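2 protein chains.
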Amino acid sequence: MLRIISVNKDNYKIHLKELLKQRVEENIADIDETVERVILDIRKYGDKALLDYTYTFDKVVLNKVKVEEKEIQEAWDAVSKEFKDIIDAAKNNIWSYHEKQFQNSWIDYNEDIILGQKVTPIESIGMYVPGGKAAYPSTVLMNAIPAKIAGVQRLVMVTPPGKDGKVNPYILSAAKAVGVDEIYKAGGAQSIAALAYGTETIVPVNKIVGPGNIYVARAKKKVYGVVDIDMIAGPSEICILADETANPAFAAADLLSQAEHDEMASSILLTLSDGFAEKVKAAVNQQMVSLDRAQIAEQAIRNNSAIFIVEDMATAIEMVNDIAPEHLEIMTDNPFEMLPKIKNAGAIFLGHFSPEPLGDYFAGPNHTLPTSGTAKFSSPLGVEDFIKKSSVIYYSKAALGKVKNQIESFALHEGLDAHANSIKVRFLP
Amino acid sequence: MLRIISVNKDNYKIHLKELLKQRVEENIADIDETVERVILDIRKYGDKALLDYTYTFDKVVLNKVKVEEKEIQEAWDAVSKEFKDIIDAAKNNIWSYHEKQFQNSWIDYNEDIILGQKVTPIESIGMYVPGGKAAYPSTVLMNAIPAKIAGVQRLVMVTPPGKDGKVNPYILSAAKAVGVDEIYKAGGAQSIAALAYGTETIVPVNKIVGPGNIYVARAKKKVYGVVDIDMIAGPSEICILADETANPAFAAADLLSQAEHDEMASSILLTLSDGFAEKVKAAVNQQMVSLDRAQIAEQAIRNNSAIFIVEDMATAIEMVNDIAPEHLEIMTDNPFEMLPKIKNAGAIFLGHFSPEPLGDYFAGPNHTLPTSGTAKFSSPLGVEDFIKKSSVIYYSKAALGKVKNQIESFALHEGLDAHANSIKVRFLP
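Chains as they are written, first to last, in my numbering: chain A, 1 to 429; chain X, 1 to 429.
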């Protein structure tokens, strides 16, 4: 079921393109039409439309969207101490990693010139947390903690309710643990529209973060500009680069951990060894049968996954940079020496005991990572996504006087005499 | 012509909303339709469509889009030494400011755990430079220099040709001065599509930056996701906060320097003093008549500009943060003491001798700034726009062993047993 394909530097691009073609979204006109209608309705009818769409899409009748303190406390009480301790340990690791991303304002003095960069937190953030089968408390931690470190004042969570009209208690507990300020029961494009434009209940936010299905992704793209967004997330991916020092069972387990996410997930192994490839394939088949989500994993493995036997290591590294995988595992003899050559990857897991789930929950780096090749230009979610900067400029009269002729001349070369005049007027006799 | 409006903390929001309503783009369905057709044609017909659209929109017949070395050299030779020296001085200041934004990779060692963040330049960047009346060599400097500092390998410039089929020599000279790698004669949505998807001549890039008209802005939004973009730029804005220590002629000149950009530009003055407001209004009327672009400035001043007489300084500062202006000038007795209170602004100019044109060309900070209130969530263009990050994670067997139970339990709480298995398989007897 898991394809094995032999490639060299001349033909790998064709094979990769064929395998990864599902990463290119093309037929989304219908989805976009629905998303646009939903957004217009939320802007026009506010809370009423939000409740109506929750009934239409989530099959739940609600009479209000706000999650009250009482419901949060009930969830907290219902969750085991063991789970709360794990949340706490994960939170500490995530906090400690992200704290290192904090950026200070800076200022630079040069005679009578002062230049600087002022860092300010974004005031309000909306955080989308999926519900249903993909209801992950880790999503709450990974989105909320960098926002808190940045100093965001108002952190709003939206998440679709379950069939019983309630929010998953693990999600509510994680939200309580990290100090989310407001929680609303709303999902899909309607919740994104509510965050961007506001309703009677929900005050609009400045930026929306968090993963979601295709409707959420398209709605985020649609409202981008009115608010900022973190990224447009696609299906999850792993790429493993392994030599014969790797354990085939480890590689197989890691390919499957990605594949169980959804049918569109992609798991790719790059190796130089025929024998290793065959062993991993056998281990995947053997491990898959006992998984709870074997059906999902099986489809992802069959349709979007492959083992590539690559001619040489240089080509394998070229392939990694071409794939620009969300998760990259390097299971080779000395994985650190590969690091300088890796240009495009969301997160890089080094060695035989750094599997991808370690990063999903616990190690500290963010699990919201660029997918579908966007690691060529995007970064993991981090503190910098929750701040913005302002330039600061001060010149004294003497300092401006020294450069006034140059600025006036530049302005006139651009045909802007009012710009030149703004300098000139300051030195009129 | 320049309105004077008295406001207090209870009614300023209504007045601001009325004034700034042109910042909200609504009726763009026709433009989006054109942009989508152009993008599809470029993807289908490549260079041929690019040349056809250059004829349709720019009224120029070209037989190829690439600007050859010879044309660049001719432009360089045609430009005065004086202008080249100014470019050089501006370049030095811009380089020196942006160098301070450079971010290093970091790594953190903790017993047998290694965590880090690897910084890599984005490999290829497309830079849009407007042509025609808004052909500004400063745009080239402001976009190219942070890319160069980041370490971008391939910096591609597109710019629409003039009626003579040539590119403005100041733009070409600025491009030569900063080391742009490839230059193409193409503008509008067609050039954005070519950068995102490629043609026979133009290899696609990873990210597109630079300002442009509404077609360029909408095309950038459309291709966002396939490539990254810097921001969606709107009309230019200035907000001046001035007390009676300010010179009315300076304030008027600065309001006009913004207004001459285009009819949609917005110039706003906030002051507590009736008398100062009247003096600025009179100075605007007096200075406007002698400007080359008086007609444009007059429209911007009449339609999108105002002087607000504000009840107290606290309200004035609230208004600044609500406007989130692209450019903010603080011309008060002690402008530095205002800085902690300013949350939302692209660039902050302090004091009586730091007019906005100083930042446009010369001081060093970037002139590509968030417009239309997006300073609430966006930053000036900078080196960080040309890099991306990868998380780096290494755990030894012993380190993973210590936390394996917690990770497995977390995974099972999320219903993902293949994730748990990826840990478990590493510790099988």
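Rather than coming from a laboratory, the hints here were simulated on the basis of the structure.
Misleading hints may appear alongside valid ones.
[Stated by the list, open to error] For lysine-lysine, the following DSSO-like pairs were computed, each having C-alpha atoms within a straight-line distance of at most 30 angstroms: (1) A:Lys-91 with A:Lys-148; (2) X:Lys-100 with A:Lys-100; (3) A:Lys-66 with X:Lys-343.
These numbers were taken from a predicted model, which means no experiment stands behind them.
Each hint, compared with the structure:
no. : hint                     : verdict
1   : A:Lys-91 with A:Lys-148  : holds (12 angstroms)
2   : X:Lys-100 with A:Lys-100 : holds (18 angstroms)
3   : A:Lys-66 with X:Lys-343  : holds (29 angstroms)
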